[in-house]
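Trainee: Chain residues, written in single-letter form:
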Amino acid sequence: MSGIRTSILSLAALLQMAGATSVLAASSEADFKAAFAAAEAANKEAGALRNQWTVTAAALAGAKKAAEKGDFDLATAQSKEAEALAKASIYQATSEKQAWKALEIR
Amino acid sequence: MNVRSAIHVASAAVFSATLALATLALTATPPATAADTIDPVADAKAFQKYFTTKFPKLKLEDFVNGPYSMDEGMHRQWEEKEQFPPYEFSLDMGKELFAKPFKNGKSFADCFANGGIGIRQNYPYFDEKEGKVVTLELALNRCREANGEAPFSYVKDEMAALTAYMAFTSRGKPFDIKIPNDPRALAAYQNGKQYFYTRRGQLNFSCATCHVQSPGERIRAEVLAPALGLLNAMPIYRSEWSGMGTISRRFTTCNSQIRGVPLEPQADEYRDLEYYLSYVSNGLPISGPGARP
Amino acid sequence: MASTIRVRATASGETTEVQALIQHPMDSGFVKDAKGEIIPPHFIRELTFEYDGKSVFVADWGAAVSKDPYVKFSFKGGKKGEDLKISWVDNQGQSDTTTAKIQ
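Residue numbers (our numbering), protein chains in the order written: chain B, 1 to 106; chain V, 1 to 293; chain X, 1 to 103.
So here's chain B without its partners, still in its complex pose (with noise of 0.2 Å):
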């Protein structure tokens, strides 16, 4: 949905504007390895545990397709959004590995 890509783009911009994280004042290819190799392994993780997000995929992809255009900071701020989705999507698998008995009919 539109908005979530707005959002991640605005969190781009954020990120830039308020001046307070490693990521903005311009990231480097070097930030951006280094945030896709966390997003990336969390993804593999998740998808170990057999639950892997499509949005998850969609944001690896969209930082990828941003460092290829030599934007580090898109890059970077996507890749991040990547891992928190991914570290998500870990979660969920966990948790409901006992919550799924609450949804059970008896």
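Heads up, none of these hints are tricks.
Listed below are the simulated EDC-like cross-link pairs for lysine to aspartate or glutamate, each with C-alpha atoms no more than 20 Å apart in a straight line: (1) V:LYS54 to B:GLU104; (2) V:LYS129 to V:ASP182; (3) X:LYS72 to V:GLU82; (4) V:LYS81 to V:GLU222; (5) V:LYS156 to X:ASP27; (6) X:LYS67 to V:ASP92; (7) X:LYS32 to V:GLU240; (8) X:LYS67 to V:GLU240.
Derived by calculation from the structure, the hints in this document are not laboratory data.
For this one, chain B is given, so just place chains V and X on it according to the hints.
Mentor: For chains V and X alone, coordinates are given in the frame of chain B:
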């Protein structure tokens, strides 16, 4: 977009992620269950009772019509559609495909009991030699491969046509899924049940979220079907797809619709899920092939 | 080749009800294939039902009609046992025709 709204939008994204996590945390405490014995008989009884209580005006066999039994307007549409069903072309193709011999002279009839006629209600079954659940779709492709033919895609076209024909030959026969007294079969059943109730995807839905908690209600423009009898009409001609789709197609597309990356068609989880869902609908008649919006 | 047209016509009193299901891709020309290339438009342009030498129903279709179209209509007249002729022509010049007996 100015800074203020950018912050709102950005924080909304973070907020919704944390909200999702918080929701997960709040529901993380399961009710105290009795000893973890797997009791499919009791499950099926409770399952059917839940839906017949929720929809007291429906006869048990009505549940196989999914959304068409949930809504009067849709029921009238279904009655009309049944006079000239859109799956007819696929059904005819399935009949031809089923009879067509492989290059080695054998045909599908050689792989199935009773030549493959009137047996759909027995699938899936638990193969005790292999220790896994075998679905009809899997059995069809294994038949092809055993006879030197390339397997079909699991989601549409030939596989849909073949399963449409086989379902048609079983129309009216009640689902008769067996769970042998084998811990592996019980584990597969339980695995399928767990999959059904487990939330997944960014939208954090489980199969139960729609089909147990909200049957008869709408998700966007669609009326939701109850989980009871959910697979009896498969495969289906779905207007949304402008074509036929198999159980594999529906499982994978349901996953992606809730923003979960689908597993491979006929993955263990899906076969176990089909095993569970079919078993709890034992006694309800096969109505496939079907048509859906 | 099997006909693309399935039809059922039932006479009852003064009217005949007709249902037809036609197998046709009805490609609009706006959809891309897996490679990203446009699937060329391929749709029925005209659909005609004839009884007793006269057209009882004519449809001028375009790209907006979906795949495997279904048609239902009634017309005044029509006797059991008589012929109903159905034919279509599409934008690529393909056509099909069939004749069915009114029941």
